[in-house]
Amino acid sequence: MRIRKVDFFHGALTNVLLNKGFEVSILEGHPEGVYKLKRDGEEFVVYSKYLSAPSSKRKEKSIRWSFSFRPEEVARIRELDDEFGNCHVAIVGSYGNRPGGELIVLDMDELTRCIGGLELHESYWIVVLRRKHYRTRVYGNALKRSEAFIPKMKVMGVHVDEGALEGEVLE
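Numbering (this note's numbering), first residue to last: 1 to 171.
One should not assume that every hint holds.
Only pairs whose alpha carbons sit at most 27 Å apart, straight line, appear in this in silico DSS-like list of lysine-lysine [unchecked claim]:
no.	residue 1	residue 2
1	Lys154	Lys20
2	Lys144	Lys154
3	Lys132	Lys49
These aren't lab readings, by the way, just hints derived from the structure by calculation.
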């Protein structure tokens with residue numbers, strides 16, 4: 001039996017979620033990569049995307065994954081949020097030939113901050129930026145790189161003290 005590359009990424013995401021104490025189920029009637037999560041009496045819906053390798057070159061000081069979203073995908077995410085509430089977008093970036101990768105989970109406010117409001121575009125994109133000695137940041141077609149922010153990741157139980165990171169500036 002052949003295993004598709006996409007199954008590795010969905011498996012990695014599912015494994016991380018299970019290890020964080022979530023009950024994970026596939027949301028029936030929706031495309032692959034949409035999950036319903038439960039933990040501590042709260043329910044979440046997660047739409048997931050992945051990249052199998054960074055978009056940046058090895059010689060650069062930072063690692064960058066550029067995720068593109070078609071207008072239909074953004075519409076689907078917004079429909080999920082309207083239907084179920086508490087929708088999040090999980091983006092998984094592999095290091096490529098090296099083991100490991102990055103997982104970022106954006107809430108709807110963070111997603112909108114990256115890609116803009118309800119206006120229609122031909123395409124949307126989000127960049128995940130990982131630089132040595134800095135926290136992972138995100139930005140998108142609605143933000144400049146200099147406006148990249150650290151995702152809160154509240155749903156994952158990660159608490160970011162934004163005040164403590166004020167002096168941390170990306171070049």
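Evaluated hints:
A threshold of 27 Å between alpha carbons decides the hint, and for Lys154 with Lys20 the separation of about 12 Å falls inside it, so the pair holds. Under the criterion of a C-alpha separation no larger than 27 Å, the hint pairing Lys144 with Lys154 is consistent with the structure, at around 24 Å. For the hint pairing Lys132 with Lys49, the CA-to-CA distance comes to about 24 Å; that is within 27 Å, so the pair holds.
Hint compliance for this structure: every hint is met.
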